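**Student:** If you want the building blocks of each chain, they are given just below.
There are 2 protein chains.
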Amino acid sequence: MKGEILCIGTELLLGDIVNTNAQFLSRELASLGVNIYNQTVVGDNADRLMDALNIAFSRSNIVFTSGGLGPTKDDLTKETIAKFFDRKLVYDEIAYKNIEKIMKKKNMEVSESNKKQAYIPEGAIPLYNDNGTAPGVIVSSEDKTIVMLPGPPKELIPMFKSKVVPYIKNKVKNVLVSKEIKIYGIGESLAADKICNLLSGDNPTVAPYAKEDGVLLRITASGKDEGHCKNLISPVESEIKNIFKEYVYGEDDDTLEKVVVERLIDLKKTIATAESCTGGLVAATLVNYPGVSEVFMQGVVSYSNEAKMQRLGVNKETLDKFGAVSKEVAMEMAEGIAKTAGTNVGVSSTGIAGPGGGSEDKPVGLVYIGFYIDGDISYKELNLSGNRENIRHKAVLEILNELRLKLRKC
Amino acid sequence: MKGEILCIGTELLLGDIVNTNAQFLSRELASLGVNIYNQTVVGDNADRLMDALNIAFSRSNIVFTSGGLGPTKDDLTKETIAKFFDRKLVYDEIAYKNIEKIMKKKNMEVSESNKKQAYIPEGAIPLYNDNGTAPGVIVSSEDKTIVMLPGPPKELIPMFKSKVVPYIKNKVKNVLVSKEIKIYGIGESLAADKICNLLSGDNPTVAPYAKEDGVLLRITASGKDEGHCKNLISPVESEIKNIFKEYVYGEDDDTLEKVVVERLIDLKKTIATAESCTGGLVAATLVNYPGVSEVFMQGVVSYSNEAKMQRLGVNKETLDKFGAVSKEVAMEMAEGIAKTAGTNVGVSSTGIAGPGGGSEDKPVGLVYIGFYIDGDISYKELNLSGNRENIRHKAVLEILNELRLKLRKC
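Chains as they are written, first to last, in my numbering: chain A, 7 to 416; chain B, 7 to 416.
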């Protein structure tokens with residue numbers, strides 16, 4: 007089945023809203039085995055919508071539309087689709103009752119413009135809307151199908167899941183299953199080079215994606231059922247894990263903070279953070295993980311030198327001799343936070359996030375990160391690029407990844 | 007000028023990422039006076055990209071592409087666009103030097119696949135990339151122009167703003183000038199109601215947008231030059247500011263943290279933070295502002311009760327009697343951080359971000375924020391909705407906004 011997505015709405019063309027419907031539909035349809043080769047957005051304009059439908063059906067046999075089903079004059083999707091299939095719009099009693107029900111919930115009268123929403127193309131399968139007044143429909147001719155959905159995600163998503171998914175499953179023969187492997191510490195192009203033989207595979211396919219938190223490698227198999235797909239994925243997954251070894255930090259929904267916190271929980275080790283240039287972002291990232299309170303005790307954002315001495319016991323001599331941005335201070339910070347907080351693990355950051363504050367010796371992007379793990383103290387020097395936000399963000403990822411690697415050996 | 011947007015990337019068709027580039031480009035181009043009637047997404051596939059280019063130019067004279075400029079084999083945009091214009095790809099020395107520079111910063115070698123990124127279509131205007139290895143280009147024939155941009159937003163956005171905007175401004179006759187007014191503490195629809203007479207204006211237009219950090223009201227005027235536009239904007243701007251009064255926190259690029267930090271600098275007041283549920287995010291948000299070190303001294307993420315007592319001097323009795331999530335603890339935290347850090351201002355958060363940990367008395371979303379300003383202690387109770395991330399994020403905004411309002415009176 008060759009499908010495409012056609013979103014209708016002038017607010018999308020003006021950039022007032024981001025097109026989350028296209029993402030939702032694409033992801034859901036991919037997992038149902040419907041190949042989506044195009045997404046299109048047009049405004050609330052009948053001529054341009056008709057053109058878009060003609061283009062879409064020149065290359066696809068099923069089109070999923072969203073939007074343009076509202077009660078106002080500029081909502082033209084249903085009328086245009088009926089015209090495309092040369093069908094009349096006919097009154098649907100159940101759709102009308104649903105509109106009455108929804109309006110009653112809102113303590114509002116059914117207006118004349120709402121009534122127009124109860125009409126659907128003749129012969130179409132109605133998709134009644136539990137969360138709004140506009141019904142969706144599935145309209146088919148011999149070789150063309152349109153699945154017409156309302157624009158608001160809170161209406162579109164439940165309608166798709168409850169009514170469109172069963173319809174599609176009934177039509178599609180093959181299943182698609184994906185598995186994601188996440189790696190950190192190696193760039194997208196180098197990662198691709200290392201698995202170039204896998205990238206040209208057909209079933210399963212392997213594709214690398216550069217993400218904020220590393221590189222994601224997606225293995226996707228097509229087969230007659232889930233078990234069949236998993237059997238195709240399994241050897242490729244093993245091969246990838248074997249190639250990237252400790253660069254692999256997780257799968258699917260894993261994040262660096264999740265992996266680190268879960269490892270700390272397993273090891274029953276507590277942690278505290280001492281941050282300068284990252285300004286609290288390491289703590290805030292760990293706290294993303296809901297179970298973190300079991301292991302994360304406290305953090306100090308020691309932005310001033312005074313705070314480094316007062317809160318963490320960093321020596322004045324160390325600050326004077328090496329400067330706040332130095333491996334010596336990073337290590338004293340990590341040790342200091344662990345000892346004052348009474349935790350097994352302490353991590354620290356000190357660096358120059360820019361845009362000002364850099365020098366020839368210590369340029370913008372120079373960051374030292376420190377680690378204390380049960381008495382072992384170490385550091386890593388980072389030379390990061392990008393703006394202030396990038397530098398801070400990368401420093402956080404580096405701290406989490408280094409900590410992940412160190413905790414593997416515990 | 008009739009334009010459209012063509013985003014290239016299989017990850018968009020699979021729904022792996024949401025198409026924020028289409029939104030960004032649409033909004034920016036609308037404000038530059040370029041009419042966008044279509045947005046299209048195709049995968050990394052040369053044939054389908056060529057088809058999409060042909061369709062796009064059958065109805066538009068300028069096409070903005072994003073994506074497909076990476077170093078790997080499946081990045082085909084540049085090659086396909088060169089073919090579309092029947093141009094050779096030629097080596098660009100400056101683009102190559104830029105790739106070397108970017109890779110050196112990352113301590114990485116220039117790979118063979120990176121080298122291919124230094125080639126651009128013959129006769130094209132190069133758009134050198136300050137944030138990545140792929141240069142953009144503008145390629146034109148008699149009646150067709152393609153502006154080709156890299157996919158990652160952190161590369162696309164600065165390239166568009168610094169290099170494409172001047173190019174477009176030069177092509178478009180009428181000037182469009184926008185002014186943004188930012189408000190916090192009042193919802194989008196209520197804000198719209200208060201200025202409904204302005205919303206129907208023609209020149210300037212006024213449009214409200216719901217943003218993460220409040221509501222943005224954009225005033226846009228069209229005129230023969232910048233001065234003309236500014237004269238049209240000025241009275242509307244005054245009217246809006248008069249309607250929303252202290253809800254207005256800034257203009258254009260202002261953020262809540264920028265406004266707060268600049269006010270602290272003006273007042274010569276120092277600040278420290280004590281965070282529980284926000285987990286370091288208040289500190290990290292203040293640290294977004296590059297000049298923050300002048301006023302921000304330190305922060306404590308007192309996640310455990312022990313940390314609240316040890317670092318902030320919160321009384322054990324207060325914790326026992328009222329619980330960690332209480333106005334009493336919030337106020338002791340704010341006072342404690344200011345006194346131990348020796349700052350004028352202390353702010354605090356303690357709450358239940360969820361998903362677990364809620365009770366009937368203290369449900370998920372209950373957050374107390376505390377303030378200490380030169381001896382004055384106060385708190386605010388928040389009842390926030392959404393997931394863990396939403397709740398923490400809204401709590402940060404509330405702290406910054408409350409602090410802004412309190413500092414107005416200093």
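Do not rely on the hints blindly, as some may be mistaken.
Which copy is meant is left open, because identical chains are indistinguishable; a pair holds if it fits in one copy or across any two.
When the alpha-carbon atoms are kept at most 27 Å apart in a straight line, the in silico BS3-like pairs for lysine-lysine are as follows [said to hold, decoys possible]: (1) Lys185 - Lys79; (2) Lys160 - Lys217; (3) Lys107 - Lys8; (4) Lys8 - Lys111; (5) Lys275 - Lys107.
To be clear, the hints were calculated from the coordinates, so they are not data collected in a lab. Small disclaimer: the values here were computed from a predicted structure and weren't measured.
**Student:** If a hint holds in the structure, say so; if it doesn't, say that too.
**Tutor:** Each hint tested on the structure:
no.: 1; hint: Lys185 - Lys79; in the structure: between (43 Å within a copy, 22 Å between copies)
no.: 2; hint: Lys160 - Lys217; in the structure: both (19 Å within a copy, 12 Å between copies)
no.: 3; hint: Lys107 - Lys8; in the structure: neither (37 Å within a copy, 43 Å between copies)
no.: 4; hint: Lys8 - Lys111; in the structure: neither (40 Å within a copy, 44 Å between copies)
no.: 5; hint: Lys275 - Lys107; in the structure: neither (41 Å within a copy, 41 Å between copies)
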